[in-house]
Amino acid sequence: MREVKRVVVLGANGTMGAGAAGLFAGNGFDVTMLARTVDKAHQGLGKAKEALRTDVLRERVHCGTYDADLESSVARADLIFEAVSEDLTVKLPFLERVDRARASGSVVATVSSGLSIAAMCEGRSDDFRRHFMGMHLFNPPHVIVGTEMIPGPETDREVFQSMSQFARRKLGRAVIECRDRPAFAGNRVGFKVLNECALLAEVHGVSNIDYLIGRHTGRALAPLATIDLVGWDVHHAIVENVYAHTRDEAHELFQMPVYMKQLMDEGHLGNKTPAEGGFYRRMTDANGKRMVSVLDPRRRSYSEGAAPPPNKQAFVEEMKALHAVGRYRDAMRLLLTAPGTEAELTRRVIVGYVSYALNRVGPDEVVDSPAGVDSIMGHGFNWAPPSVLVDLWGKSATLKAMDELGLKAPPVLARLADGQRLFTGQSASIGRYFIGK
Amino acid sequence: MATKKASRPVFVLGGYQTDFSRNWNKEAKHIVAMMRETVIGALEETRIEPAEVEVAHVGNFAAELYCMQGHLGAFVLEVDPALSGVPTARHEAACASGSIAALAAAAEIEAGRYDLALVLGVEQMKTVDSKRGGEFLGTAAWFDREAKGVEFPFPKLFGKLGDEYDRRYGLKDEHLAAISAVNYANAKRNPLAQTRNWFMSYEHACSTGPFNAHVGGRVKISDCSQVTDGAAAVFLASEEFAKKWAARVGEKLEAIPRILGWGHRTAPIEFSAKVAESQNDPFVLPHTRRAILDAFERAGLAGVGAIHAIETHDCFTTSEYMAIDHFGLTPPGKSWQAVEEGVIALDGKCPINPSGGLIGAGHPVGATGTRQLLDAWKQVTARAGDYQVRNARRVATLNIGGSGTTSVVHVVGFAS
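Going down the list, the protein sequences come from chains A and B.
Going letter by letter, the first sequence gives residues 1 to 437 in this note's numbering.
Going letter by letter, the second sequence gives residues 1001 to 1416 in this note's numbering.
Hint data in this document are derived by calculation from the structure and do not stem from the laboratory.
From a predicted model like this one, the values you see are computed outputs, not experimental measurements.
Glycine included, C-beta positions come from ideal geometry on N, C-alpha and C.
One or more of the hints may lead you astray.
Simulated pairs of lysine-lysine, BS3-like, Cα-Cα distance not exceeding 30 Å [as the list claims (entries may be wrong)]:
#	chain 1	residue 1	chain 2	residue 2
1	A	Lys312	B	Lys1026
2	A	Lys437	B	Lys1026
3	A	Lys320	B	Lys1005
Incomplete in silico selection of chain A near chain B, CB under 7 Å [unchecked claim]:
#	residue
4	Asp55
5	Leu88
6	Thr89
7	Pro93
8	Gly172
9	Ala174
10	Ile435
Cβ pair distances, simulated, as ranges [stated by the list, open to error]:
#	chain 1	residue 1	chain 2	residue 2	range
11	A	Glu404	B	Ala1082	32 to 40 Å
12	B	Pro1191	A	Thr89	12 to 20 Å
13	A	Ala397	B	Arg1145	53 to 61 Å
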């Protein structure tokens, strides 16, 4: 693979485009940021400077437009990074122009978070197909290092491995290789859990679900608050894509709840639509006091005042107290043994997460080893990697819980030797996923 | 004051460091969680059983202020029931607390009191905002005289160190910027470094503006070490334990590094008193220089030429600039030569802070000295991964409390 010196970013005004441009420029590469207008490209540069907190980036960055600069800058580039809208009908014409303009041997990568890499190769030249791949960064890339790299059907193996190494060494990414499956690994596993929580919220209420599946279960942010953060439209696109193009043991859990679809049609997209809200809506009352009201999914309406507190559970409070003093194993084992329907519901989601994630490991699955799904759930989602939970519970207790809950036992877990650890990542970071409140 | 050599050798068996990028306050953790993770990690890394630990020394600066918690030694027992009854103590010497804990542990091994000692440095700092934290750090100076009512007192004190260099010898800020850039670049290779994913470049370190403002005289944000939550643990052992342990881990005793030498000096606490005292000395901080020479003498080394890398106390770029000539890498006042010639770079003649140091790796105050010892151990046992210095056999550490007040130096490695 040719050495990367010059990078062109398409869609440089968008969140991922600006973030990626900052990542490349911040690591010393010359970057051309392209957008529809120069003003938009400059807006992207502004976002990158703000993210990296520096004024010196502009010396390494040129801003341009698709009309005036795409062909000339792509011809000189070693890496062309496509970050236009997450829509094949938008991406394909850009990739066609890139194919015509690029120098032979330059690498083309798409930031797509789950669209078919193979579909993006259709109709492209041989040299393009050999040098094309997915490079899914997570937002914001200067903070979240988890990165999925996805080869296309004809990607040159040496080029792919050089690019993966480049992402690790030169961009500081925690890279995993994924097969070209809908939503790849992170979003496939993550949005299964998120959508499952959205389905459960209709029965148990939003506050209760975010309380039960809260940060004490191994995540930086409660699940329904996470959907509000990423946006209901993005959530919809991801689960719909997986539902339409996969068949697995959790198929029905990818069907977006009807109440979400209806509210989405009325403009409720989460945090990006503050007036409408999502699962939560931030409001100011008559006295100017800020508060958060909560959605009642069954009535499709929001609480009048502040969200009513969730029904506190002894096992949840005890888990938090144990995390606070660093007794993560005791806390997570309590989750496996706690009595009551709420504890069983929590187990179903958390053990279900481990089961689903580790069942995506295998020669015909999304990743080859648990390390892949562990890395992306840890570095991409800020969730406790599934193997960490297995190690805290122990193999036999994990398999027993899966059996009791009617969850599919992952082959990789059945093969694990007794007493052997499944998690191979950096142990110094494990505790970060278990939050004490 | 004569330098007495160690009567018995002290072996370093390794240990564990937390990920310095973590924010334990956001994780809603009590400081005991950090202590537990670190000690459990160190036990697992070294394959030492909790019941084998005979004594524990904890280094910590100010948990009373940051966490409303004193008596940290006692929390070691929370790690494992087998530690019940183990003698413990907490040591404080501002940012040198971690090294003071190590000195105490080593002294007990040299004295033959115990065969295996745990040294644990720990600090949780993100419990308060930066201004309040700056005030807490001010207690490492003479608070009433140097810090009371001063916003960010320590950048200002170390800015004055730069000014004193400038007055005596001349100092260019570009050399400080280069020191910052080296530390940040090294930190990118260290998977436990706080700033491993942050942006920094020589150009940015040279720039001044809203993104790189002056915070203390000539000291800018890029010249500062970090506010860090973190801990590091190291096991020190007698020859008797080290022999038994070497057989367990399949090593020869000769392959287990030792503390070859140490130095420990204290200067007047007020910065102005330090400068007044050193007016006729070629070294700006002669007590720090003395601590370095003591360590070399105890280690039987002629000078810095026998050292293959240094982990120094770069709380600010000016303190690393000071360390360069005080270690003897250049004549006094000419530290800039080592910067320009690349001596301190990772592939240089004597790399400084391959870990990224306090600027790049982070500075959990009471843990820094212990982290430096652990990094020295990693270097001399070729376990430093991407920030490994080739063929490092002897590594020196310099840990400083206050504005150059308490200086502790260790030389870790192999005699020849």
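Right, here's what the structure says about each hint:
Proposed proximity of lysine 312 of chain A and lysine 1026 of chain B is supported: the alpha carbons are some 21 Å apart, at most 30 Å. The suggested pairing of lysine 437 of chain A with lysine 1026 of chain B holds, with an alpha-carbon distance near 9 Å, which does not exceed 30 Å. About 50 Å separates the Cα atoms of lysine 320 of chain A and lysine 1005 of chain B, which puts this hinted pair outside 30 Å; it is violated. Hint on aspartate 55 of chain A holds. Least Cβ distance to chain B is approximately 5 Å, under the 7 Å limit.
Contact between leucine 88 of chain A and chain B, as hinted, is not supported at the beta carbon level, the nearest pair being about 31 Å apart and thus beyond 7 Å. Residue-level restraint check for threonine 89 of chain A is violated (minimum Cβ-Cβ distance to chain B is 34 Å; threshold 7 Å). Because the beta carbon of proline 93 of chain A sits about 33 Å from the nearest beta carbon in chain B, more than 7 Å, this interface hint is broken. Evaluation of the glycine 172 of chain A hint against chain B yields a held restraint, the C-beta minimum of about 5 Å falling below 7 Å.
About 10 Å separates the beta-carbon of alanine 174 of chain A from the nearest beta-carbon of chain B, more than 7 Å, and the hint is not met. Satisfaction of the interface hint for isoleucine 435 of chain A is found here, the shortest Cβ-Cβ separation to chain B being roughly 5 Å, below the 7 Å cut-off. Here the CB-CB span from glutamate 404 of chain A to alanine 1082 of chain B is close to 34 Å, well matched to the stated 32 to 40 Å. A beta carbon spacing of about 41 Å between proline 1191 of chain B and threonine 89 of chain A contradicts the range 12 to 20 Å that was offered as a hint.
For alanine 397 of chain A and arginine 1145 of chain B, the hinted distance range of 53 to 61 Å is satisfied, since their beta carbons lie about 60 Å from each other.
Figure legend: structure checked against the earlier numbered hints; hints not met, in rising order: 3, 5, 6, 7, 9 and 12.
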